[in-house]
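Please model the complete structure; the sequences and the hints are all you need to start from.
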Amino acid sequence: MAGERILSESIVIDVPAGRIFDLLADPRRHPLIDGSGSLRGSVVGPDRLERGSKFGMNMRMVLPYRVTNTVVEFDEGRRIAWQHMARHTWRYELEPRGESTQVTESWDWSASPVALPMEIAGFPARNRSAIRASLRHLKHVVESRADLGGSPPA
1 MAGERILSES
11 IVIDVPAGRI
21 FDLLADPRRH
31 PLIDGSGSLR
41 GSVVGPDRLE
51 RGSKFGMNMR
61 MVLPYRVTNT
71 VVEFDEGRRI
81 AWQHMARHTW
91 RYELEPRGES
101 TQVTESWDWS
111 ASPVALPMEI
121 AGFPARNRSA
131 IRASLRHLKH
141 VVESRADLGG
151 SPPA
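Numbering (our numbering), first residue to last: 1 to 154.
Simulated from the structure, these hints should not be mistaken for lab results.
Subject to a maximum C-alpha distance of 20 Å in a straight line, what follows is the list of computed EDC-like cross-link-like pairs (lysine to aspartate or glutamate):
| # | residue 1 | residue 2 |
| --- | --- | --- |
| 1 | K54 | D108 |
| 2 | K139 | D14 |
| 3 | K54 | E76 |
| 4 | K139 | D22 |
| 5 | K54 | D22 |
| 6 | K139 | E9 |
| 7 | K54 | E73 |
| 8 | K139 | D34 |
| 9 | K54 | D75 |
| 10 | K139 | E95 |
| 11 | K139 | D26 |
| 12 | K139 | E99 |
| 13 | K54 | D34 |
| 14 | K54 | D26 |
| 15 | K139 | E93 |
Okay, here's the thing in structure tokens:
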């Protein structure tokens, strides 16, 4: 069932949604929040993402590779999602709560032609851990204003 192939985690961040969304919509700032440890080096793309934007990044999972993502969902200040050729969708949903924001990050592999091999290889558990780390990094970066030129959290 498709619902079984979506995993999500949430965190409340003490920053308005617009500031968080600005970071998510700038692909060059994604290394600041990467919790997977697989994003390496350059990120190439527009200064600001929108629906249909493409952006590429160098990755490493055992071996180095390059991936190109396409933004498939975009609702300014509320939701952004992208996917690559294997049709895994990475989604961020922002729900304002006064001066704070609940951020939910999801990994949806329900439309992927390689869903079963991904499960056998243990990607759901690894990606859940990476999502949790990414959300912690995002919280640290935007609350400390490190997104304005600081370094990513350790």
